[in-house]
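Asker: Chains A and B supply the protein sequences, listed in that same order. Position 24, counted from 1, in the first sequence is what the working numbering calls 24; the numbers after and before it change by one each time, with no gaps. Position 35, counted from 1, in the second sequence is what the working numbering calls 35; the numbers after and before it change by one each time, with no gaps.
Treat the hints with caution; some may be incorrect.
Stated by the list, open to error - Okay, the calculated beta carbon distance ranges per label pair:
| no. | chain 1 | residue 1 | chain 2 | residue 2 | range |
| --- | --- | --- | --- | --- | --- |
| 1 | B | Arg-73 | A | Ala-63 | 48 to 54 Å |
| 2 | B | Gly-20 | A | Pro-69 | 33 to 39 Å |
| 3 | B | Arg-30 | A | Asp-58 | 23 to 29 Å |
| 4 | A | Asp-111 | B | Asp-125 | 14 to 20 Å |
| 5 | A | Arg-64 | B | Arg-133 | 24 to 30 Å |
| 6 | B | Trp-147 | A | Ile-135 | 42 to 48 Å |
| 7 | A | Ala-27 | B | Leu-45 | 48 to 54 Å |
| 8 | B | Ala-112 | A | Leu-145 | 20 to 26 Å |
| 9 | B | Ala-63 | A | His-24 | 29 to 35 Å |
| 10 | A | Asn-32 | B | Leu-45 | 38 to 44 Å |
Stated by the list, open to error - 30 Å max Cα-Cα, derived BS3-like pairs, lysine-lysine:
| no. | chain 1 | residue 1 | chain 2 | residue 2 |
| --- | --- | --- | --- | --- |
| 11 | A | Lys-139 | B | Lys-81 |
| 12 | A | Lys-144 | B | Lys-97 |
| 13 | A | Lys-117 | A | Lys-97 |
| 14 | B | Lys-117 | A | Lys-115 |
| 15 | A | Lys-144 | B | Lys-139 |
| 16 | B | Lys-139 | A | Lys-90 |
| 17 | B | Lys-31 | B | Lys-81 |
| 18 | B | Lys-97 | B | Lys-31 |
| 19 | B | Lys-139 | A | Lys-61 |
I should point out that these hints are in silico values taken from the structure, not numbers from a laboratory. C-beta: ideal position from N, C-alpha, C; glycine also.
Spelled out from the first residue to the last, the chains are:
Protein chains: 2
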Amino acid sequence: MTISWTMVMDFTPAFAIVTGEWNHSFAALRKNRECVIAIPTVDMLDKVVGIGTCSGADTDKFARFGLTPLRGRVVEPPLIKECLANIECKVTDIVRKHNIVVLEAVAACIDAARKEKRTLHAVGDGTFIVDGRRIDRRKMMASKLPWGV
Amino acid sequence: MTISWTMVMDFTPAFAIVTGEWNHSFAALRKNRECVIAIPTVDMLDKVVGIGTCSGADTDKFARFGLTPLRGRVVEPPLIKECLANIECKVTDIVRKHNIVVLEAVAACIDAARKEKRTLHAVGDGTFIVDGRRIDRRKMMASKLPWGV
Chain A
1 MTISWTMVMD FTPAFAIVTG EWNHSFAALR KNRECVIAIP TVDMLDKVVG
51 IGTCSGADTD KFARFGLTPL RGRVVEPPLI KECLANIECK VTDIVRKHNI
101 VVLEAVAACI DAARKEKRTL HAVGDGTFIV DGRRIDRRKM MASKLPWGV
Chain B
1 MTISWTMVMD FTPAFAIVTG EWNHSFAALR KNRECVIAIP TVDMLDKVVG
51 IGTCSGADTD KFARFGLTPL RGRVVEPPLI KECLANIECK VTDIVRKHNI
101 VVLEAVAACI DAARKEKRTL HAVGDGTFIV DGRRIDRRKM MASKLPWGV
């Protein structure tokens, strides 16, 4: 599934996503307690939107969108070869009241050879912002980063 | 406070943020059950980082960073005049197990006359990505947007 309702929760590899009964993948998450967060880039936008607007209940999304599943190191669900990065996750909690799924990363890899590295930010209205330039404030933030500068 | 651990939770104006006991503002959130999400732009980056690396316990952040408080329409905490947008929020729940604060927006305003509209995305390592170009996929996403295209 495509998901944009996500956040980092800590300097440990903890994440939260929001999904629920309306989503075919929610049942799989509850049952398998595992998933892979695959990070796409701007050149994949039409696949991202396509994946988000059909359902795994009646569609083989890997086949339809020309994606290649790769075996993970720890979890059962596949990585997506075409993505910039893949984060293997365990479901550590589900806050049913808010449909929040709490994840802990157990492995991660990045395709360092990939040329296109710009990711997407869903605005929420059907538009997407592409990564622009990067600004470095590591020195200013050193006191807040557990690993320092 | 500066916060980057945030997410949208629904097509209703619901948000989640993660903060906790380590943060001076957490006690205020718990007590007052209100806050304002003020959205800064790239030209405010050094203020954003500065605000995130000092504490309201011993600093008047509005004075130190040259910010102007404005009265909100619904909530007690002030808006920040210099920001691109301000979202007045009520705290609807606190999930103590995960330090997740659930917010509901009750009013919002945007400074439409502001020239600089590019926002920032905290990478988490002390670097920040600036908004690049915007891509429109509203037609493709119409089936997923409650208000249509």
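Asker: Hint by hint, note whether the structure agrees.
Answerer: Against the structure, the hints:
Checked against the hint of 48 to 54 Å, the C-beta distance between Arg-73 of chain B and Ala-63 of chain A comes to roughly 51 Å, which is consistent with it. For Gly-20 of chain B and Pro-69 of chain A, the Cβ-Cβ distance of about 37 Å falls inside the hinted range of 33 to 39 Å, so the restraint holds. Between Arg-30 of chain B and Asp-58 of chain A the C-beta distance comes to about 45 Å, which lies outside the given range of 23 to 29 Å. About 19 Å separates the C-beta atoms of Asp-111 of chain A and Asp-125 of chain B, a value consistent with the hinted range of 14 to 20 Å.
Roughly 28 Å separates the CB atoms of Arg-64 of chain A and Arg-133 of chain B, a value that falls within the hinted 24 to 30 Å. Remark: the range hint 42 to 48 Å for Trp-147 of chain B to Ile-135 of chain A is contradicted by a beta-carbon distance near 34 Å. Taking 48 to 54 Å as the suggested C-beta distance range, the pair Ala-27 of chain A and Leu-45 of chain B does not conform, at roughly 42 Å. Taken as a hint, the range 20 to 26 Å is violated for the pair Ala-112 of chain B and Leu-145 of chain A, whose Cβ atoms sit roughly 36 Å apart.
Distance hint for Ala-63 of chain B and His-24 of chain A: a CB-CB separation of about 52 Å, inconsistent with the stated range 29 to 35 Å. In this structure the hint that Asn-32 of chain A and Leu-45 of chain B lie 38 to 44 Å apart at CB holds, the actual value being about 41 Å. The straight-line distance between the Cα atoms of Lys-139 of chain A and Lys-81 of chain B is roughly 28 Å, inside the 30 Å bound, and the hint therefore holds. The suggested pairing of Lys-144 of chain A with Lys-97 of chain B holds, with an alpha-carbon distance near 22 Å, which does not exceed 30 Å.
At most 30 Å may separate the alpha-carbon atoms for a hinted pair to count; Lys-117 of chain A and Lys-97 of chain A exceed this at roughly 36 Å. Between the alpha carbons of Lys-117 of chain B and Lys-115 of chain A the distance comes to roughly 28 Å, so the proposed pair stays at or under 30 Å and holds. Restraint check for Lys-144 of chain A and Lys-139 of chain B: the C-alpha separation of about 42 Å exceeds 30 Å, so the hint is violated. Using a Cα cut-off of 30 Å, the hinted pair Lys-139 of chain B and Lys-90 of chain A is violated, with the two alpha carbons roughly 34 Å apart.
Restraint check for Lys-31 of chain B and Lys-81 of chain B: the C-alpha separation of about 24 Å stays at or below 30 Å, so the hint holds. The straight-line distance between the Cα atoms of Lys-97 of chain B and Lys-31 of chain B is roughly 18 Å, inside the 30 Å bound, and the hint therefore holds. Of the supplied pair hints, the one linking Lys-139 of chain B and Lys-61 of chain A holds, its CA atoms being roughly 20 Å apart against a limit of 30 Å.
Comparing the model with each earlier hint shows violations of hints 3, 6, 7, 8, 9, 13, 15, 16; every other hint is respected.
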